[in-house]
Amino acid sequence: MSMQRPIVWVHGDCLSPHHPGLAAYPGAPAIFVWDEELLTALRISLKRIVFIYECLLELPVTIRRGDVAAEVLAFAGEQRADGIVTSDSPAPRFRRIRERLETVLPVRVMSLEPFVRAPQRVDLARFSRYWQAIQAEALSDFSDNAL
Amino acid sequence: MPEDMRRDFADREDLIAYLAAQFPAAAAESAAVSATRGGRRAAEARLAAMRPAPYAATRNFLGGAVTRLSAYLRHGVLSLAEARRAALRAAPGPEEATKLINELAWRDYWQRVYAEIGEGVWEDREASKTGLSATDYAADLPADIATGTTGLACMDAFSHELVSDGYLHNHARMWLAAYIVHWRRVAWQAGARWFLSHLLDGDPASNNLSWQWVAGTFSHRPYIFNRENLERYSDGVYCRACPLRNTCPFDASYETLQARLFPHAPPLPAAPRRRR
Chain A
45 MSMQRPIVWV HGDCLSPHHP GLAAYPGAPA IFVWDEELLT ALRISLKRIV
95 FIYECLLELP VTIRRGDVAA EVLAFAGEQR ADGIVTSDSP APRFRRIRER
145 LETVLPVRVM SLEPFVRAPQ RVDLARFSRY WQAIQAEALS DFSDNAL
Chain B
34 MPEDMRRDFA DREDLIAYLA AQFPAAAAES AAVSATRGGR RAAEARLAAM
84 RPAPYAATRN FLGGAVTRLS AYLRHGVLSL AEARRAALRA APGPEEATKL
134 INELAWRDYW QRVYAEIGEG VWEDREASKT GLSATDYAAD LPADIATGTT
184 GLACMDAFSH ELVSDGYLHN HARMWLAAYI VHWRRVAWQA GARWFLSHLL
234 DGDPASNNLS WQWVAGTFSH RPYIFNRENL ERYSDGVYCR ACPLRNTCPF
284 DASYETLQAR LFPHAPPLPA APRRRR
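Residue numbers (the numbering used here), protein chains in the order written: chain A, 45 to 191; chain B, 34 to 309.
Please keep in mind that the hints were generated in silico from the structure rather than gathered at the bench. Be careful, since some hints might not be right.
What the hints assert, rightly or not - Stretch by stretch, here's where chain A covers chain B in the computed footprint (C-beta under 8 Å, at least three residues): (1) 71-82; (2) 99-109; (3) 157-165; (4) 176-184; (5) 227-234.
Unchecked claim - Straight line, CA to CA, 20 Å or less: simulated DMTMM-like cross-link-like pairs of lysine to aspartate or glutamate: (6) 132/B <-> 185/A; (7) 132/B <-> 181/A; (8) 162/B <-> 288/B; (9) 132/B <-> 115/B.
We put the CB at the ideal spot given by N, CA and C, even for glycine.
So here's chain A without its partners, still in its complex pose (with noise of 0.2 Å):
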């Protein structure tokens, strides 16, 4: 699946300005979108807001509000963008509003740089066994000795 003009949703997993997305396609227009819904169901507090408000004005994004994949789709189609692309996140939410995504345009859902390159297949009974699992990976310092 190739983009000529996507446009790059960013979401509350990743406010960084080296978000994988925004690196892979500088320039794209890219948008926040306040997900109101959750914001009521778990009862946000201001200072919360203030926090994430402050991390996006660093970054190049347009800042919307409502249900999120209605305001992402319809971003896009104002750009008249043919793809979205986002950051991964293990939220059940992100999944639900990806899925909606995907019913109306391409999604290209960019991982990021894992914490250890440790086997994605650990047991996570406990933290002990995951622990002991990646500790050397944890403590090595491979940006120095790079593959």
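Place chain B on chain A using the hints.
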């Protein structure tokens, strides 16, 4: 065409006034604003100030050399990989960075669990080890906890700090959570919702699963503390001025508290009580 939200502000006050008007329900929840600023520049300043060896030695103390990176990590302003590399760079050797990286690993761990169980973070992962059943716990957070008027100087201070600043030291989170779940017998979900409403780093995975760790539904035993532990790691600041210092509900041995809080609990493994 939908209206864009503003991006140009004279100063922080201007931004805050705009957002309070735009999100009146959030301002009604609490109009307080944190001293912690959002953004990559603020995050990088914190990253540069990271000191892995003092962190390892003092992190359990409220006044310890903690990193305050959590809100930036939660919103991906910084990645865990960046923080891990910064810790390795800032430490003389990997040993000095181990504790800090171990704590970063907790976040990676919770995120991996989240990817597997999704909304299951709101449900008990395992049966509780307290000998109590779900019906023994109140569904809602009592008002005196939410308003910081229990009379317990420590818990009231933590409540005020959470609501006014959106941050609590990890040890304070554990004490407050244990007080809510075990001393007050409130469902951990009520406490978790309260924290998510206020913590700048509020994340359903790290937050809820840590509450479950305290509750004993995602650990081998419930987490409790006593006055000696709290007094030591808070340098006694709360106990000295506490109106309830002579009737402190935490002033007992672990064995006594265990028997008092969990009278019907099955025998627990005699492992040393470790902190997360």
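Item to check | Violated hints, by number in ascending order, as checked against the structure | outcome: As far as the earlier hints go, 3 and 4 are violated by this structure, in ascending order.
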